[in-house]
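Engineer: Modelling step: build the complete structure from the supplied sequences, incorporating the hints.
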Amino acid sequence: MNGEVLAFWVLAVGLVGSALNVVLSKNLFHSVLWLAAALVGTAGIFIALDAEFLGAVQVLLYAGGVITVVVFAIVVTERLVGERLSQTSRRILGGAVVAVGVLAMVLNVIRRSGIDMPRPEMTADITKWMGISLLTQFLLPFELLGVLLLAGLLAATYFARPEE
Amino acid sequence: MTSDRARALLSQITGLTVADGGPAVTVHVPTEQLASVAAFVKETIGCAFFAFSTAIDHKADGLETVAYVENLDDNITVVLRAKLGAGNICCPSLVPVYRGANWMERETYDMFGVQFEGHPDLRRILLSDDWDGHPLLKSYAVDTPYPPYR
Amino acid sequence: MSEVREIDYTGSERLTMNMGPQHPSAHGVFRAILTLEGEKIVAVDAVIGYLHRCHEKLAETLAYVQYPSIASKTDYVAAMASELAYVMAAEKIGQFEVPKRAQYLRVAVNELQRVASHLLWLGTWCLDMGGALGGGTSVFLYCIREREQILDLFESLVGARLLYGFHQVGGVRYDIPTGWVEQCRTTMDLIEQRLGEYESMLHDNAFFEMRTRGIGVISSQLAQDVGVCGPLLRASGVKYDLRRNAPYSSYEDFEFAVPVETEGDCHARYRVRMVEFRESIRIVRQVLDGLPEGPISSRPGVKSLAQVKVPKGEAYARVEGPRGEVGCYLVADGTNKPYRMKWRGASFSNLAVLPHIIPGVTVADVVAIMGSVDPVFGEVDR
Amino acid sequence: MTGTSAMSPLLVALISGGVVLGALTGLLAYVTLLERKFAARMQSRVGPYRVGPHGLLQPIADGVKLLLKEHLVPDAADKGVFNLAPVIFFIPCMLIFASMPFAPGLGVADLNIGVLFFLAVSSMEIVGLFMAGWGSNNKYALISAMRAVNQIISYDLPFVMAALVPVMLAGSMKLSDIATAQQGLWFIAYPVIGQLAFIAFIVAGVAAENRTPFDILEAESELIAGFRVEYSGMKFAFIQLGEYAHVIGTSFLGAALFLGAWAGPGPSWLGPLWFTIKALLVFVLFTWVRWSFLRIKVDQILSISWKLLLPLTLLLLLATAVVIVIRSGAGV
Numbered sequence: 500m501n502g503e504v505l506a507f508w509v510l511a512v513g514l515v516g517s518a519l520n521v522v523l524s525k526n527l528f529h530s531v532l533w534l535a536a537a538l539v540g541t542a543g544i545f546i547a548l549d550a551e552f553l554g555a556v557q558v559l560l561y562a563g564g565v566i567t568v569v570v571f572a573i574v575v576t577e578r579l580v581g582e583r584l585s586q587t588s589r590r591i592l593g594g595a596v597v598a599v600g601v602l603a604m605v606l607n608v609i610r611r612s613g614i615d616m617p618r619p620e621m622t623a624d625i626t627k628w629m630g631i632s633l634l635t636q637f638l639l640p641f642e643l644l645g646v647l648l649l650a651g652l653l654a655a656t657y658f659a660r661p662e663e
Numbered sequence: 275m276t277s278d279r280a281r282a283l284l285s286q287i288t289g290l291t292v293a294d295g296g297p298a299v300t301v302h303v304p305t306e307q308l309a310s311v312a313a314f315v316k317e318t319i320g321c322a323f324f325a326f327s328t329a330i331d332h333k334a335d336g337l338e339t340v341a342y343v344e345n346l347d348d349n350i351t352v353v354l355r356a357k358l359g360a361g362n363i364c365c366p367s368l369v370p371v372y373r374g375a376n377w378m379e380r381e382t383y384d385m386f387g388v389q390f391e392g393h394p395d396l397r398r399i400l401l402s403d404d405w406d407g408h409p410l411l412k413s414y415a416v417d418t419p420y421p422p423y424r
Numbered sequence: 163m164s165e166v167r168e169i170d171y172t173g174s175e176r177l178t179m180n181m182g183p184q185h186p187s188a189h190g191v192f193r194a195i196l197t198l199e200g201e202k203i204v205a206v207d208a209v210i211g212y213l214h215r216c217h218e219k220l221a222e223t224l225a226y227v228q229y230p231s232i233a234s235k236t237d238y239v240a241a242m243a244s245e246l247a248y249v250m251a252a253e254k255i256g257q258f259e260v261p262k263r264a265q266y267l268r269v270a271v272n273e274l275q276r277v278a279s280h281l282l283w284l285g286t287w288c289l290d291m292g293g294a295l296g297g298g299t300s301v302f303l304y305c306i307r308e309r310e311q312i313l314d315l316f317e318s319l320v321g322a323r324l325l326y327g328f329h330q331v332g333g334v335r336y337d338i339p340t341g342w343v344e345q346c347r348t349t350m351d352l353i354e355q356r357l358g359e360y361e362s363m364l365h366d367n368a369f370f371e372m373r374t375r376g377i378g379v380i381s382s383q384l385a386q387d388v389g390v391c392g393p394l395l396r397a398s399g400v401k402y403d404l405r406r407n408a409p410y411s412s413y414e415d416f417e418f419a420v421p422v423e424t425e426g427d428c429h430a431r432y433r434v435r436m437v438e439f440r441e442s443i444r445i446v447r448q449v450l451d452g453l454p455e456g457p458i459s460s461r462p463g464v465k466s467l468a469q470v471k472v473p474k475g476e477a478y479a480r481v482e483g484p485r486g487e488v489g490c491y492l493v494a495d496g497t498n499k500p501y502r503m504k505w506r507g508a509s510f511s512n513l514a515v516l517p518h519i520i521p522g523v524t525v526a527d528v529v530a531i532m533g534s535v536d537p538v539f540g541e542v543d544r
Numbered sequence: 006m007t008g009t010s011a012m013s014p015l016l017v018a019l020i021s022g023g024v025v026l027g028a029l030t031g032l033l034a035y036v037t038l039l040e041r042k043f044a045a046r047m048q049s050r051v052g053p054y055r056v057g058p059h060g061l062l063q064p065i066a067d068g069v070k071l072l073l074k075e076h077l078v079p080d081a082a083d084k085g086v087f088n089l090a091p092v093i094f095f096i097p098c099m100l101i102f103a104s105m106p107f108a109p110g111l112g113v114a115d116l117n118i119g120v121l122f123f124l125a126v127s128s129m130e131i132v133g134l135f136m137a138g139w140g141s142n143n144k145y146a147l148i149s150a151m152r153a154v155n156q157i158i159s160y161d162l163p164f165v166m167a168a169l170v171p172v173m174l175a176g177s178m179k180l181s182d183i184a185t186a187q188q189g190l191w192f193i194a195y196p197v198i199g200q201l202a203f204i205a206f207i208v209a210g211v212a213a214e215n216r217t218p219f220d221i222l223e224a225e226s227e228l229i230a231g232f233r234v235e236y237s238g239m240k241f242a243f244i245q246l247g248e249y250a251h252v253i254g255t256s257f258l259g260a261a262l263f264l265g266a267w268a269g270p271g272p273s274w275l276g277p278l279w280f281t282i283k284a285l286l287v288f289v290l291f292t293w294v295r296w297s298f299l300r301i302k303v304d305q306i307l308s309i310s311w312k313l314l315l316p317l318t319l320l321l322l323l324a325t326a327v328v329i330v331i332r333s334g335a336g337v
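Those sequence lines, one after another, are chains A, B, C and D.
Quick note: to get our numbering, add 499 to the position in the first sequence (first position is 1).
Quick note: to get our numbering, add 274 to the position in the second sequence (first position is 1).
Quick note: to get our numbering, add 162 to the position in the third sequence (first position is 1).
Quick note: to get our numbering, add 5 to the position in the fourth sequence (first position is 1).
Hints listed in this document are in silico derivations from the structure and should not be mistaken for laboratory results.
There is no bait here: all hints are sound.
Taking lysine to any residue and the SDA-like style, the derived pairs with C-alpha atoms no more than 20 Å apart in a straight line are:
#1 K235/C - L401/B
#2 K312/D - A368/C
#3 K74/D - V92/D
#4 K401/C - L346/B
#5 K525/A - L89/D
#6 K401/C - D348/B
#7 K219/C - A334/B
#8 K333/B - K219/C
#9 K357/B - D495/C
#10 K144/D - V523/C
#11 K144/D - A208/C
#12 K499/C - D331/B
#13 K219/C - R398/B
#14 K333/B - E218/C
#15 K333/B - D495/C
#16 K144/D - L198/C
#17 K254/C - E414/C
#18 K84/D - M239/D
#19 K254/C - G296/B
#20 K262/C - Y336/C
#21 K627/A - I329/D
#22 K499/C - Y414/B
#23 K627/A - A326/D
#24 K219/C - W405/B
#25 K219/C - S402/B
#26 K84/D - S524/A
#27 K74/D - F241/D
#28 K525/A - A82/D
#29 K312/D - A655/A
Here the structure is a predicted model, which is why all the values come from computation and not from measurement.
Structural biologist: And the structure:
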């Protein structure tokens, strides 16, 4: 077992563990913290796969930004002080069916794609390559995503505006 | 407006006694007229500035409240004095006329136990809420032990 | 003008926060129970009395020769002003004469006291707005450095640095030592020069302007209604200064300007006090130039408690202290002790305006407003 | 282990990591003394003077004091979160040095995405900060944490934009490449763009580090000490060290991005020294700002960020792109 495999397993166990804690923790604030851990774990997996750029973006946007927004949402929507925020699981059965379905689908995709081939060596600067392809080959989807996000932003502003 | 004119105006109101002499215009007001006289002093004489109000314990003669109000533009000081009479602790509040009377009357209530009628928030201000008695009354024994130090 | 609002603790998104009684910017022991919606304050309940020492009851048990030293403990930042108010009230009832030299000395120490007190105000105010770990501390330490010089002057005059017991009924207790006049002049020159330095740090400083302009506006009507006095009243557009409008202790002999600003916000109060600094220095210089010779007291040195007896009567004496009208209402019954004494503390009335102006501002503004009001809790609680 | 000829890369990484960490801890301790002495001089004081000659042992005394102090945990605190928060806060603050090359080849890991790594990791400290604010179960701490969320969202963006200007000029996110690119001309001397970007970097940096005039999180005159109000002893020290590490890290980043990193006269082994001196200069600049200004309010901080700094840095970025295109066009 070399270092890379070891790193993968450590990260994987940590990732799954914190992901489970996100849904199992009774305290909503703790859930958010576990979510942060899960997102950082994902970034770790990216870095282990030599995709440092993705890993760093993962941390910058998700672990930093999304957590911030989630925490902010808790703060402005729930009671501030006093009782602890809590979450309870309802409709466990339905949730289990959906989860099993998704798991089967993901497994199916993984099995079909034949992902167990040896990983090619990274030779070029992946970051540079990514930037170039985003602005040439994938320019249209990239711009479309931009427009979509802008629309989302405008909608959010519309809903968040103070009541007249 | 001058002090003399203020004196003349105030002496026209029935029930009031305007003391002679002194730079300040001192008026003895019956308690029930206090609020209306204060409003008159503020509106007509222009005494918009509320300096302070307090009380004096005349032992057997009872309490007397004193309020200093001033017209800053014309340098007129009007002193509103109201004898509550022996055994009486009720007095109309000046808060509807002067907002500054709020804390001053709370202090007077705290120290003398004067019940200001019409005061929006008559609580103790300097002493703690569970204090017994009103210390500036002459009848208050200074060395009264206070719980929990009793 | 906003009235004192009902305090509603029930709102689900409201937060009740205690500011004080032990809080870095409580300026002593002041407790404000703030009800917050986010950072905005919707209601405030001011709680005072933590420093209450029964001054008024105490005065009924102390003789006229004893109490002036205790009077200095009401407003311990401007001890000279409250002492003067007390002795002036006694002099007014007893028609005691005060020699010209004593009057001039009283003016000198009161103006020095005003400078010292305003220095402390500027320092602590900037400390409130700039933090103990920021630019505020710098201003604070500069101000304290200059205040020390004035305290040195007081020390060589009376031997004490904070509570003086300088005034007595009929005059003052100590004459100036040799070299004091020169020391005083040097100090005044130094402070006047340093004032320019403070202003270069604060004036036109964008951060300072942002924190003070339009914050805590007191209208002239509200100011008079509540009895706000001193620099706050003048910053609200009322040109009223007891030294000019009701001169005492020979203030009519001196030339000085009474600054007035109309905005009524924190910045206006700052500007008024900055002018007062310079005017006080000007008055001190005039006193030093024109100090007459003669006795410093119309009465002999204190030998016994019964020495000063004040005839039956009553008087209200007021002094323009650094914080405004410091008044002493004295009822005498002919013995050597007052029958009743009432302090009209400038800080008490100035602080009473807070519940009227705080609702609607943010937490950060509260400290700026508190600092600009410049309360001393010894005087509020007495 | 008799031969030292072939050390494994892991061992090299461990050793260099250890060296950097050790040097950093010392630097951090003494930077506090530098700040205290500098502030004291600004305020016509002497500063720490009693412990050791000229107070030189003061940081050690402080450290010992903090180690020995009692750890207080509020009764109503969320204990796990409360105890973990200083560590979660501290780790990203130290990690930012991982991608920092102190000289050519001297550093823990000179990543391709060095600048991005720095920004990503430093944005993580908000998690620890919010944990501290929430876990304390204290209203002051909670308000401080809420302010932190506001402020850090607002200032991360301008900070990234300002840092991107040198990245674009150098054409790489690798810090050593950026340093090499400045051998002719430091980016701070780059006409107009360089200076503006440096100013934006300093302003956003001060805000990201929560220092006066943007220290609304700590705001001891309003919120006592904000999110750290309940911490004592070593946990407090961790938060404090983390903050200083972040400031020093930002100073090193500033020196690397704008001041030519290790470039300087003398032999090349002096490089790390030059780099440190430049970083300390940036640190002193931060300190100077800190001890000269008053704190401003939350809403004002936000409006400065969103209405002024962000559009300006975006424009600056655009201008940089235009300049680069024109220059490369002219060059070809």
